[in-house]
Structures are given as structure tokens and as C-alpha cells.
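What follows is each chain in one-letter form.
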Amino acid sequence: MFVFLLTDLFFYIIILTLLSYILYVRKTPDLLETWSYVFKNKTGALSVLVLSFFMIIALSDSIHFKNKVYDENNKKYTYTSEISSLLDIILLPIHENSEKSYSSPFSSKLYSKETVKIDKDIDKRVYPKLKYKGNHNLYSEKNIQNIFITIIISFVKTLFICFIMYLIIFYKTLFKNFKKITTYFLRNKFIYLSFFIILLIFISLYDLSIQYYVLGTDKVGEDVLYKSIKSIRTGILIGTLTTIVMLPFAIFLGIFAGYIGGFVDDIIQYIYTTLNSIPSVLLIASAILMLQVYMANNPIDFENVYERADLRLFFLCMILGLTSWTGLCRLLRGESMKLREIEYVQASQTFGLSKVSIIIRHIIPNIMHIVIITVVLDFSALVLAEAVLSYVNIGVDPTTYSWGNMINAARLEMSREPIVWWSLFAAFLFMFILVLFANLFSDAVRDAFDPRANKNYE
Amino acid sequence: MNKLLSVKDLCLTIKSKENQKVLKNISFDIHKSEIVSLIGESGSGKSLTALSIIRLLEKSCKIKSGKIIFLNKNLLSLEERDMRDIRKEDISMIFQEPMRSLNPVMSIFEQLRESYPKKNKIDIKKNIISDLVSVGINDADRVINLYPHQLSGGMKQRVMIAMAIACKPKLLIADEPTTSLDVTIQKQVLDLLVELREKLNMAILFITHDLAVASQVSDKIIVLKDGKIIEENNAKEFFKLPKNSYSKSLLESSVYNRQFFNNQFNSENDILSVQNLKVFYQEKKSFFGNNSSLLKAVDDVSLSIKPGMTHAIAGESGSGKTTIAKAIMGLTNITSGKIKICDKDILNMNNSEIRSFRKNYQMIFQDPFSSLNPRMRIGAIIKEGLCFLKPEIDNRTISSILEDVIDKVGLSIDSLNKYPHQFSGGQRQRIAIARVLVLNPKLLICDEPTSSLDVTVQKQVLDLLLNIQEKTKISYLFISHDIKLISNFSDTISIMHKGRIVEHGITSDIINNSKNSYTKKLLKSVPQIIN
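So the sequence lines, in the order shown, correspond to chains V and W.
The letter at position 74 of the first sequence is residue 74 when you use this note's numbering, and the numbering goes up by one with no holes.
The letter at position 322 of the second sequence is residue 322 when you use this note's numbering, and the numbering goes up by one with no holes.
Hint data in this document are derived by calculation from the structure and do not stem from the laboratory.
Don't take every hint at face value.
EDC-like mimics (lysine to aspartate or glutamate), calculated; alpha carbons at most 16 Å apart, straight line [what the hints assert, rightly or not]:
hint, chain 1, residue 1, chain 2, residue 2
1, W, Lys67, W, Asp29
2, W, Lys3, W, Asp90
3, W, Lys418, V, Glu82
4, W, Lys220, W, Glu237
5, W, Lys418, V, Asp30
Some chain W residues flagged as far from chain V (calculated, every beta-carbon gap over 10 Å) [stated by the list, open to error]:
hint, residue
6, Arg84
7, Asp175
8, Leu190
9, Ile230
10, Lys296
11, Asn348
12, Gln362
13, Ser370
14, Ser371
15, Arg396
Values in this document were obtained by computation on a predicted structure and should not be read as measured data.
Where is the CB? At the ideal position from N, CA and C, for every residue including glycine.
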């Protein structure tokens with residue numbers, strides 16, 4: 001049975017908007033030309049590729065359902081109260097079992113000694129062996145050799161998958177125009193090569209983590225790699241959902257302030273100056289506290305843990321959105337003030353067009369580039385903001401997988417001896433990759449949309 | 001006379017444009033204390049030539065071959081350090097836009113100080129003051145403590161010139177130094193340059209698109225087109241008898257011949273009549289409502305236009321010409337006065353009446369680069385007003401009207417599907433004309449429609465406007481600062497100064513025997529081609 005959490009619905013809406021924007025761009029020649037600069041730029045193309053892998057993971061983690069189980073007592077099928085996502089099913093071999101406690105990456109033993117009875121009266125302090133992974137090498141007894149062979153097998157698998165995709169895409173012209181296809185591949189060799197490498201990394205990580213804890217385990221013995229992958233959805237959701245909340249405020253208030261001016265401008269300016277001067281951490285903390293009190297008073301409405309965690313995530317996005325529209329609003333106000341005086345707007349005024357239709361026909365299309373640039377730039381800042389907020393305990397629910405929670409937990413892990421570094425490292429690595437490529441992408445977008453930038457790549 | 005600078009076979013390419021040569025084998029000489037004018041339309045490579053002499057080209061420009069020899073040194077093979085010395089001592093340059101060439105946070109004294117050799121402060125101050133006096137700033141003691149925004153455009157350009165001549169250069173490069181200035185100030189600056197040439201015995205490379213300005217100052221004329229030298233000639237001979245056909249067309253395009261409809265001064269009612277129009281702006285009221293001073297943009301102006309006539313408003317920048325146009329079009333609030341179009345008072349109309357009436361009067365704007373929405377197709381741009389003001393027309397008629405009008409302004413039908421950036425300035429102005437023509441207005445307000453265009457393109461656009469007038473008997477309210485152009489183009493004229501009309505009447509009367517002193521001064525400062 002499918003379950004739709006609140007954030008899932010919004011995530012679908014985001015994906016749909018994204019797809020319809022892509023369709024719209026394909027229909028509009030000048031937008032298509034601008035966007036094509038993003039893909040002509042190598043870093044731009046690579047970052048689009050990496051980000052779309054992240055998006056696919058987040059999407060597959062947003063399709064939730066309840067499992068059917070056979071109830072022995074009632075002799076019929078019932079649904080569990082536990083909710084799992086498509087991604088959980090795919091990654092089932094990685095996370096179905098968990099160990100007792102910490103273990104380091106690729107290790108076959110726990111990280112701390114335990115007392116084990118060897119004989120009747122002899123106790124010994126040893127590192128106990130892991131129960132589920134690390135000791136069950138498929139291909140070889142030696143660790144390094146086994147890892148190497150696993151990667152080679154993943155390489156073959158990747159080649160096979162790529163070949164199948166190639167057959168699907170080019171099945172029509174497969175044997176007719178071989179030369180044409182080779183030149184096509186050679187021309188786009190960079191993008192195909194990077195696609196291949198990313199796919200290879202994914203598949204070999206999957207294969208390895210069936211046999212090992214690639215990034216170790218955490219305090220309760222859960223695979224850290226799995227936790228980091230699950231956190232992708234939280235990060236992306238906060239980055240995008242917040243933007244969706246913020247955009248209407250920023251666009252409409254910004255344009256009204258700039259275009260209509262006068263009294264309206266004064267009011268909007270006072271609103272955002274006031275909002276800007278309230279410390280946003282304070283606002284967020286109070287909003288989250290209010291929500292918690294509300295949930296504690298109405299326990300019937302929130303029957304399971306998942307819905308509570310989800311609502312808290314949703315609320316966090318809302319409140320982050322409400323506090324972060326001021327910057328873009330200010331930019332758009334200035335831009336529409338400039339556009340108000342420009343001659344094509346005045347020309348439409350001489351035709352007697354109403355203010356609303358001038359805004360829709362002339363102002364909005366001409367400020368969209370600023371919106372796109374700001375949104376892409378803000379995305380990475382918001383992913384980082386989540387980590388900071390979770391660290392001070394006002395971010396997402398502690399049961400939600402998120403990089404911020406991982407970092408928060410790592411505070412204690414770093415202060416024990418010997419230190420547990422892999423939890424922090426994993427959160428850092430994933431966040432770094434996502435934010436880095438989001439930044440590279442925004443750079444490429446800004447270059448493409450900036451009329452003054454030099455657009456001669458290569 | 002001996003050679004000061006000689007450019008030999010200079011070739012230059014720009015990286016982005018498929019390594020196309022932008023300058024092709026440019027060679028010319030400049031002798032000591034000679035004024036050489038480089039003339040050409042925009043994009044002909046005038047400024048690039050100047051910048052390659054002083055070696056301030058952008059990085060994307062590459063000099064492929066050629067020599068620039070200045071006092072036996074090849075400037076192109078000098079080290080950057082030595083070149084800096086040359087810029088410091090021998091060659092200096094003044095730019096087109098005085099507003100942007102001065103640093104707004106430095107006082108005039110600090111700016112000028114940079115260009116003097118290091119001495120003690122008092123000496124420098126003395127030098128600066130004497131130089132400022134020599135460029136015609138009489139109260140130099142006061143001016144050196146001011147900041148750029150406190151000076152007028154002409155003063156700023158004088159300061160720029162003072163800065164350039166501070167090192168007593170042997171060669172001064174002047175890149176369109178008067179283009180952004182009003183005619184009266186233009187004349188002062190030109191006179192100053194000629195005077196300084198004699199005083200300091202320096203050569204001037206004068207870059208301009210305006211033949212009349214060039215004829216005022218120069219000894220030698222070089223005409224550039226598409227990066228090539230078309231003609232190089234002594235100034236006197238050039239203006240008497242240009243050899244090249246392109247130079248001839250340049251000279252001719254500054255002259256318009258118009259059949260005057262003088263016989264139509266009949267009893268017909270006025271198309272437009274403006275009575276006692278006043279537009280005052282209040283300097284922005286502070287939050288607590290302190291009243292501040294009034295700015296009288298238009299003060300008690302009256303004018304009228306008969307059907308099929310062209311009335312011109314001339315004046316310097318800031319005289320309120322454009323405000324009148326905006327007031328008529330309803331783009332600005334009117335303090336008092338009456339505006340009647342076809343005997344109907346448009347100020348007393350309600351919204352729906354004015355909407356249906358708007359098709360009778362329309363406006364074309366100064367800058368064709370900003371008057372078309374860059375994200376709309378030409379078809380949609382032209383259609384916008386039509387769809388809104390005449391909603392009764394169905395789609396099929398619209399497309400036939402569009403094809404008709406785009407043909408009328410001399411563009412091909414497939415341009416309807418293109419975007420504005422695919423057109424040149426002149427073509428864009430045609431599109432702007434097409435946009436208002438589809439409405440068949442009775443009155444068209446033209447706000448400096450040609451001032452941002454090259455002379456030859458300017459002529460084409462004006463010819464188009466004349467052509468339309470002959471066919472449709474439309475009336476024009478033509479606003480321009482270019483009196484030479486207006487005198488050939490209009491039937492009646494009003495001269496504006498500081499928001500007031502100082503003189504009005506039939507154009508030929510005013511041009512030939514004006515009574516007002518301001519008009520006389522204005523007419524006198526208009527540069528004429530000296531034959």
C-alpha cells in the first residue's frame with residue numbers, strides 16, 4: 001500500500017515543475033540556447049549529471065509504502081506500521097541486519113574489546129568478530145584481493161548496463177550507421193565517460209557494501225553508508241522545498257515593491273527590514289518548539305513516528321523559507337525599479353496595458369534569470385544550514401536521517417578514545433559532493449544567463 | 001613638418017569573432033601639432049585604432065601585424081614598463097563619457113594629483129590651478145575641492161582635458177570627447193582643444209562620427225569603414241570634394257530635403273493642442289512630510305500641431321523636451337494645463353474612454369536597444385498594442401496586417417519570428433515604428449528617434465518617417481537636440497530652455513532670423529561643415 005507523506009507530495013510537485021520547465025525550455029529557442037551553454041561547459045555538464053544522480057536517489061527515497069505481512073493469529077494479511085521507501089527495498093541487502101556497535105570501515109571486527117568466555121573459567125578481552133559482514137568474503141580470503149575482484153566484477157556489470165542502455169537508445173540505427181555513432185560518441189566522450197565512472201562508483205559501492213561496512217557502523221551498529229545515502233533526501237528536500245516556499249514571496253513582493261513603488265514599496269521594505277533584523281535561529285527554534293508542543297497535545301493526529309518526523313521536516317522548510325526570501329526580494333525590487341523606467345515598458349504603458357499584464361508580459365520574463373541564479377546559489381547554502389540547525393538541535397527530528405544529525409552524533413564520537421571518525425567523514429563527504437556540484441552548477445548557470453559573460457567555451 | 005607618429009599596416013583581430021580581422025592594414029601619419037580626425041560609423045574600428053596606439057586594448061584583441069612608430073620607437077614592441085612612461089609623458093587620452101571617467105569618491109584635486117610628477121603638495125596645487133585655468137575653469141581654487149557629481153558634464157570634460165594635458169603630452173587622443181555634451185558646451189570644448197593645440201604645440205588624434213565637428217577642428221581627415229581606410233585627405237579638400245563614394249554618402253546624409261506642406265496652413269482643427277502645461281516634480285518627500293523644493297520640469301508650455309504637419313521641439317538636455325512627450329502620453333503626472341488631441345481633452349477622460357482613444361496618438365522612443373523587449377519575438381512586439389487597443393480584430397487579419405506593416409517599414413516577412421537582438425539599431429527603430437504604425441495613429445511623438453543611430457542609418461529612418469507622412473498625412477511631434485536635423489525636417493519649431501518655450505514659429509523663420517538671444521546662441525554653436 002502506498003503511503004504519501006507530506007514532503008513526498010511536495011517533492012513530486014518539485015519534480016513535476018522541473019520537468020515542465022525542461023519541456024518549456026525545449027519549446028523556447030532563446031532559453032534553449034542559453035541553457036545549452038550550461039551543457040557546453042564541461043563542469044556544467046558534469047554537475048548536471050551528478051546532481052541528477054542525487055535527484056534520482058532522493059526521488060526513489062520519496063516513494064513510500066507499507067509492507068504486507070501475514071498475520072498468524074488472524075489468518076489474514078495486514079499492513080505493518082513501518083513505512084519503507086523504494087530505496088530501502090533496493091538497498092535491503094545493505095541495511096537489513098545491524099551489528100552491536102562501532103566498527104571501522106572495511107573491518108571484520110568490532111571497534112572495542114569485549115569479554116568473551118573461551119573456556120569454562122577463562123575470560124578473555126578480544127575484539128569480537130562482526131556477525132553479518134566483513135567475514136563473509138565472496139571471492140577470496142584476503143581482504144585486498146577480495147575488494148579488487150569485487151570492483152572488477154562491478155566494472156563488468158557497469159559495462160553490461162551501459163551496453164544495454166546503448167542498445168535501447170540506438171536500436172534503430174545500430175547496424176546502419178556505425179561510423180556516425182562512433183563520431184557522435186567521440187564528440188561527447190567527456191559526458192559519456194563521466195556517466196560511466198559515476199555508474200561504476202555506484203555499482204561497486206553497492207557490491208562492496210554487501211560484503212563490508214564500507215564506511216563503518218555507528219553506535220547502534222547501523223551501516224554509515226546507508227545512513228548517508230538516506231540523508232540525501234533530507235538535504236535535497238530542504239534545499240528545494242524551502243525555495244518553493246520562498247519564491248512566491250520574493251517574486252511578488254519584490255516586483256510589487258519595485259514596479260508599483262510609493263506606499264507599497266515602503267510597506268514591503270519595512271516588512272523585510274524587520275524580518276531581516278530578527279535572528280533567524282530564534283525564529284526557527286520557536287517555530288519548532290511550537291510544533292512539538294502541538295504534536296504533544298494532539299497525539300491522535302500523529303499516529304506514527306514517520307509522520308511526526310516528516311511534519312517536523314516540512315515545518316522546518318516552511319520556516320526557513322519564510323526567513324530567507326528577503327535577499328532575493330531586495331534584488332528583484334531593484335531590478336524591477338530599473339525595468340519600470342526602461343523604454344519597452346513605457347511603450348506598453350502608452351498602449352494602455354494594465355499594470356498586471358505589464359508585470360506578466362514584460363517584467364517577469366526579464367527577471368527570471370536573476371531568480372534562477374539565486375535559487376541555484378541558495379540551494380547549497382540551505383543544505384549547509386540544515387546541518388548547522390541539527391547541530392544545535394532545532395533542525396530535523398532526531399529519528400530522521402540527516403547529515404546534520406550525523407554531525408551532531410559525531411560530537412560525542414570525536415571525544416571518545418580511540419576516536420570514531422567515519423561518521424563525521426561520511427557526512428562531510430556526501431555534503432561536500434552535493435554542495436560542490438550544486439555550486440559548480442550555479443556557476444555554469446550564472447555564466448550562461450549573464451549577458452556580459454564570455455560564452456566561448458573551448 | 002616632421003612625423004610624430006606613424007602607423008604602418010596595423011592589423012587586429014578579436015578572438016570571439018572567429019578571428020575576423022577588425023582592422024585591416026591601417027596606416028597613417030600624424031605630424032607635430034596637427035589635428036587628425038578619424039571618421040567612421042560605429043563598429044568601423046576608430047576606437048580600436050586609438051586604443052592600440054596607447055596600448056590599452058582588451059585582452060581578447062590581438063594585434064596580428066604592423067608597426068606603430070612614435071618618435072623612432074615602435075610602441076608595439078616596448079615593454080609594459082616603458083609604455084607606462086610613454087603614457088605618463090608623451091601620449092594621453094580623453095574619453096567619451098566624462099561622467100564615468102572620473103572616480104566619484106575622489107575630489108578633483110586628488111584625481112589630478114595622480115597625473116603630476118611627484119613634487120611637494122603646494123607646487124602641485126599651483127600647477128593644477130594654472131592648468132585648470134588654462135582649460136577655462138576660472139574659479140579653479142574652488143573647483144579642486146569639489147567632487148565629480150558637483151560638476152556639470154562640460155566641466156567634467158574640462159577636468160578630463162586638464163588631466164590629459166598635465167604632462168604636456170606631444171600627442172592627445174580624443175575619443176569622441178563631445179558626443180555626450182550639449183551643443184553649446186560642445187562648441188566650448190572644441191574651441192578649447194584648438195586653442196590648447198596652439199598653446200602646447202601638441203598633435204591631436206580626434207575620433208568622431210560627426211563630420212561637422214571634424215570639419216571645425218581638423219587639418220586632416222581619415223575615413224574608416226569596416227576596419228579599412230577609405231579615404232585620407234586634407235580637410236579642406238575633403239569637404240570640398242570627397243573622392244570616395246562612401247565619404248560622399250556620409251556628407252550627403254547630413255542634409256535632408258523635404259517638401260514643405262506650407263500650403264496646408266489652413267483652417268483645419270489642431271491635431272494636438274497643449275495649453276499652459278505645467279509639470280512640477282517635488283523632490284522626494286521625507287517620511288515626516290517636510291516639503292522640499294519644486295523642480296519645474298515643464299513650466300507653462302503651449303503648442304499646437306495641424307494635421308499632416310511636423311512640429312519640432314528643440315533644446316539642450318534637461319530643458320524638459322521629453323517631459324512634454326511623457327505628459328502627453330500619460331507617463332507622468334501633470335500639475336496643471338490642458339492637452340487636447342483631435343479636440344478632445346484627454347485629461348478629463350475616464351479609463352475606458354482613454355483606452356479606446358489611445359490608438360490615435362502614439363510614441364517612438366530614443367533608444368531602439370531598450371525599447372523592444374529582448375524576450376519577445378518581433379511579431380509579438382508589433383502585435384501587442386494592436387491586440388490590446390483593437391481587440392475586435394481577428395487573428396487572420398492580424399497576421400495580414402503584420403506582414404503589411406513589416407513590408408512598409410522595409411523589413412522582410414521572416415523577421416516577424418526573430419528576436420530583437422538579431423537586428424541592428426536602424427532595423428530595431430524600424431520595428432519600433434512598425435509597432436505604432438499598425439494602430440494608424442493621427443499623431444506620432446518621436447522622442448529623439450535617431451540620436452543613437454549612425455548618420456547613414458539616421459537618414460534611412462528619417463526618410464521612412466517622411467515617406468509615411470506623405471502617404472498617411474500623419475502629424476509628428478519631433479523632439480531632438482539636433483537643430484541641424486530639425487531645420488530640415490520640421491514645419492514649425494519651439495525652442496525650449498529650462499522648461500519654458502523661449503521662441504516658436506515657422507522653422508525657416510527661426511533658423512534664419514531669430515530674435516531670441518538663447519536661440520541665437522544655440523544656433524551659433526551648432527557645428528557647420530566649413531566649405
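Here is how each hint holds up against the structure:
1. Between the alpha carbons of Lys67 (chain W) and Asp29 (chain W) the distance comes to roughly 12 Å, so the proposed pair stays at or under 16 Å and holds.
2. For the proposed pair Lys3 (chain W) and Asp90 (chain W), the alpha carbon gap of about 14 Å is at most 16 Å, so the pair holds.
3. Straight-line distance between C-alpha atoms of Lys418 (chain W) and Glu82 (chain V) comes to about 58 Å, which puts the hinted pair past the 16 Å bound.
4. Distance check on the hinted pair: Lys220 (chain W) and Glu237 (chain W) sit about 9 Å apart at the alpha-carbon level, within 16 Å; holds.
5. Between the alpha carbons of Lys418 (chain W) and Asp30 (chain V) the distance comes to roughly 10 Å, so the proposed pair stays at or under 16 Å and holds.
6. With 10 Å as the threshold on Cβ separation, the claim that Arg84 (chain W) sits away from chain V holds: the shortest Cβ distance comes to roughly 27 Å.
7. With a least beta-carbon separation of about 21 Å from chain V, Asp175 (chain W) lies farther than 10 Å from that chain, consistent with its non-interface assignment.
8. Look at Leu190 (chain W): its CB is around 31 Å from the nearest CB on chain V, clear of 10 Å, so calling it non-interface holds up.
9. Residue placement check: Ile230 (chain W) keeps its beta carbon more than 10 Å from all beta carbons of chain V (closest about 31 Å).
10. In this structure Lys296 (chain W) is separated from chain V by more than 10 Å, as the shortest Cβ-Cβ distance comes to about 21 Å.
11. Non-interface status of Asn348 (chain W) relative to chain V is upheld: no Cβ of that chain comes within 10 Å, the nearest being about 16 Å off.
12. Not every CB of chain V is more than 10 Å from the CB of Gln362 (chain W) (nearest about 6 Å), against its label as outside the interface.
13. In this structure Ser370 (chain W) is not separated from chain V by more than 10 Å, as the shortest Cβ-Cβ distance comes to only about 5 Å.
14. Interface exclusion of Ser371 (chain W) from chain V breaks down, the closest Cβ pair being 4 Å apart, not more than 10 Å.
15. Separation of Arg396 (chain W) from chain V is adequate, the least Cβ-Cβ distance of about 22 Å exceeding the 10 Å criterion.
Hints 3, 12, 13, 14 from the earlier list are contradicted by this structure; the remaining hints agree with it.
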